[in-house]
Amino acid sequence: MKEGNGLQIPAGMRDLLPGVACDQRQLESRCTGLFTSWGYQEVITPTLEYLDAITIDTGEEIRDHLFQLFDRQGKILALRPEMTTPIARVVATRLRGAALPLRLCYAANVFRYEEPQAGRQREIAQAGVEMIGAATPLADAEVIALAVEAIKQSGLEDFQISLGQIEIFNGLMEELPLTVEQKSKVRTLVAKKDFVSLEELLNSYGITGAPADRILQLPTLHGGAEVLEQAAWLGVNDRARQGLENLRQVYQALASFGVSDFVALDLGVLRGFDYYTGIVFEGYTVGLGFPICGGGRYDNLLGQLGYPCPATGFALGLDRILLALARTNPPARATSAVYLIGGDDTAAMLNKATQLRSQGLSVEIDVLGRDEASLQAYAQTRGITQVQYCRQGG
Amino acid sequence: MKDTLTIALPKGKLYDEAIDLLAEAGLSTYGLKEDSRKLMFHHEAERLKYIICRPTDIPTFVEYGAADIGVVGKDTIVEQDKDIMELVDLKFGFCRFVVALPEEAARGRDLSQFNHRRVATKFPEVADAFFREKGMQVEIIKLHGNIELAPMVGLADMIVDIVSTGRTLRENNLVAVEEIFNATARLVANRVSYRLKHQRIQPLVEKVRQLVKDKEVRY
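Just so you know, the protein sequences line up as chains A and B, in that order.
According to the working numbering, the first sequence is numbered sequentially starting from 403.
According to the working numbering, the second sequence is numbered sequentially starting from 207.
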């Protein structure tokens, strides 16, 4: 036995064995196939990028969760933690000037240094889309409807997309008579979903009554179209009102896409304030404590790369979808070849195999020269039902 | 699965009060107090399931979605940095996080004179954050219980611990020199459950919040 880590893999990484690997590839190709049929073109970007390129807009938070290394010139490289920023970089450089909107999609692995646990690995398989250069509610609705369609096609039945609008929260924050530092503390608690401490903090700043309630009650506004009416009192300024109006328009457009049944309005979806600028959404499924997809509008990112342009998109967590499927509705899969050909006439064996393969069948040939009885026994242990023995002169 | 609400309850000092509160909020809680060895209670007709576990494990059960909601002390939450929603301060299970020194050492000195010393605690995250905020560098020694022993045998110069009455400190000739913060029990929820089971969780949250408020007024 080798000493040390020679036979181990790093924490949070996984080997996908036959079966699971097949499931993941299938899901991946089903997603990219679907995206392509909606006019999205696939791009492939490098796994390794410069740290500066990756952290351009994601803020400090992601820095703590990066795998970093040096190249031989001493420059800092990092494994990409998500795909949106790399794609934005491609758009702002190589695809600058292309006709808009640009519809791009990907299936790729991303890397995050997190505490490994079920549904939270350090190497994460994602598939997603980015639509660049369209700021309309219809653009947001298309992206969300596409996420719904992708999850549906994965085989998951019981899932929900929660839809929020970050500008409503931002509008409410604008009204609070707080310093930049105090506001950042408020945001931290909202991001941590610690509503107890949030109430305490707001009270300690002298914010009570309606201004505090508006923020504290955001997570309770959840449901169908009636939420928009319940939320009307949040329209304290133009920013919040525009956020509400935009949410209404996108929700309406989603009805035209026929996906309303899968979408709930939820003003408590408050993710990545530094990043998102409008619609935000997350997908959930029963029995999995983590979101299976997430996305939203990020109109400032490309501007920071010198190519101001509105954009929206989402990423699906393929590992998490597979985990949820395994629990509720395991996909049927072929575990091995369906045909086994053996015998002492090699030419005949190979002929037969070629012929069957051309019909689209998966064929295995015996390379160990087994006799007919042991060939049958082997087929049984492998679960191969069709066996053919080619006898010389036969 | 979608219809059943799973609630995680902590064994120990918060247990009885948590059950009383849920019962007052209108949930069926029969059997929970009587059968102290059972780990799970399934009230099928009410579509309710209770998981009874160690207080420190509640955030984990809730974060994974193995439980939809739970009752847990803030002292446990702060030490773990789990992705859960904190919804209501239940106002019971009150305790204080403090820095305590042996009486003799504390006399005539304040905490800043204890830079670069050793601190024994069950709560390394809390201790670390507190001393860092103060600009102090200390060596933190994680222990699992009876923290007050550490200064007596010279393992540490001071301790960070939770106290409710202060009796343990007095009995061991320790004095609290600095308050870090106060902790009470919290109602927490899994972020996905809170959305998918909103129709069941939200009315319960509101009921509980009202009950807690009513009690406060009464006292």
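One thing to keep in mind: the hints can contain errors.
Quick list of simulated restraints, FRET-style, between CB atoms [as the list claims (entries may be wrong)]:
{"#": "1", "chain 1": "A", "residue 1": "Arg-673", "chain 2": "B", "residue 2": "Pro-409", "range": "54 to 60 angstroms"}
{"#": "2", "chain 1": "B", "residue 1": "Leu-355", "chain 2": "A", "residue 2": "Tyr-452", "range": "48 to 54 angstroms"}
{"#": "3", "chain 1": "B", "residue 1": "Pro-409", "chain 2": "A", "residue 2": "Ser-431", "range": "39 to 45 angstroms"}
{"#": "4", "chain 1": "A", "residue 1": "Glu-647", "chain 2": "B", "residue 2": "Ser-234", "range": "43 to 49 angstroms"}
{"#": "5", "chain 1": "B", "residue 1": "Ser-242", "chain 2": "A", "residue 2": "Ser-431", "range": "51 to 57 angstroms"}
{"#": "6", "chain 1": "B", "residue 1": "Met-358", "chain 2": "A", "residue 2": "Tyr-452", "range": "52 to 58 angstroms"}
{"#": "7", "chain 1": "A", "residue 1": "Glu-559", "chain 2": "B", "residue 2": "Lys-244", "range": "32 to 38 angstroms"}
Which chain B residues stay away from chain A? Per the calculated CB distances, all over 10 angstroms, these [as the list claims (entries may be wrong)]:
{"#": "8", "residue": "Ser-242"}
{"#": "9", "residue": "Lys-244"}
{"#": "10", "residue": "Ala-251"}
{"#": "11", "residue": "Arg-253"}
{"#": "12", "residue": "Gly-271"}
{"#": "13", "residue": "Ala-272"}
{"#": "14", "residue": "Val-304"}
{"#": "15", "residue": "Glu-310"}
{"#": "16", "residue": "Phe-320"}
{"#": "17", "residue": "Ala-335"}
{"#": "18", "residue": "Leu-349"}
{"#": "19", "residue": "Asn-378"}
In short, the hints are calculated from the structure, not lab data.
A virtual CB, placed ideally from N, CA and C, is assigned to each residue, including glycine.
Structure-based check of each hint:
Between A:Arg-673 and B:Pro-409 the beta carbon distance is about 26 angstroms. The supplied range of 54 to 60 angstroms is therefore violated. In this structure, B:Leu-355 and A:Tyr-452 meet the distance hint of 48 to 54 angstroms, their C-beta atoms being roughly 52 angstroms apart. Taking 39 to 45 angstroms as the suggested C-beta distance range, the pair B:Pro-409 and A:Ser-431 conforms, at roughly 44 angstroms. A hinted range of 43 to 49 angstroms holds for the C-beta pair A:Glu-647 and B:Ser-234, which are about 44 angstroms apart.
Distance hint check for B:Ser-242 and A:Ser-431: the Cβ-Cβ separation is about 54 angstroms, which falls inside the suggested range of 51 to 57 angstroms. Judged by the Cβ atoms, the range 52 to 58 angstroms given for B:Met-358 and A:Tyr-452 holds: they are separated by roughly 54 angstroms. Range check, A:Glu-559 to B:Lys-244: about 33 angstroms between beta-carbon atoms, so the 32 to 38 angstroms window is met. Listed as a non-interface residue, B:Ser-242 keeps its Cβ farther than 10 angstroms from every Cβ of chain A; the least gap is roughly 28 angstroms.
B:Lys-244, annotated as away from the interface, keeps every beta carbon of chain A farther than 10 angstroms; the closest lies near 23 angstroms. The beta carbon of B:Ala-251 sits about 21 angstroms from the closest Cβ of chain A, which is more than 10 angstroms, so the claim that it is off the interface holds. No beta-carbon of chain A comes within 10 angstroms of the beta-carbon of B:Arg-253; the shortest separation is about 14 angstroms. B:Gly-271, annotated as away from the interface, has a beta carbon of chain A within 10 angstroms; the closest lies near 3 angstroms.
Not every beta carbon of chain A lies more than 10 angstroms from that of B:Ala-272, the smallest distance being close to 7 angstroms; the non-interface claim is violated. For B:Val-304, the requirement that its beta carbon stay farther than 10 angstroms from each beta carbon of chain A is met, with the minimum near 19 angstroms. Its beta-carbon lying about 36 angstroms from the closest one in chain A, B:Glu-310 satisfies the requirement of being farther than 10 angstroms from that chain. With a minimum CB-CB distance of about 28 angstroms to chain A, B:Phe-320 clears the 10 angstroms threshold, and the non-interface call stands.
With a least beta-carbon separation of about 13 angstroms from chain A, B:Ala-335 lies farther than 10 angstroms from that chain, consistent with its non-interface assignment. Residue placement check: B:Leu-349 keeps its beta carbon more than 10 angstroms from all beta carbons of chain A (closest about 23 angstroms). Consistency note on B:Asn-378: stated as away from chain A, and its beta-carbon is indeed over 10 angstroms from all of that chain's, at 31 angstroms minimum.
Of the hints listed earlier, those the structure fails to meet are numbers 1, 12, 13, in rising order.
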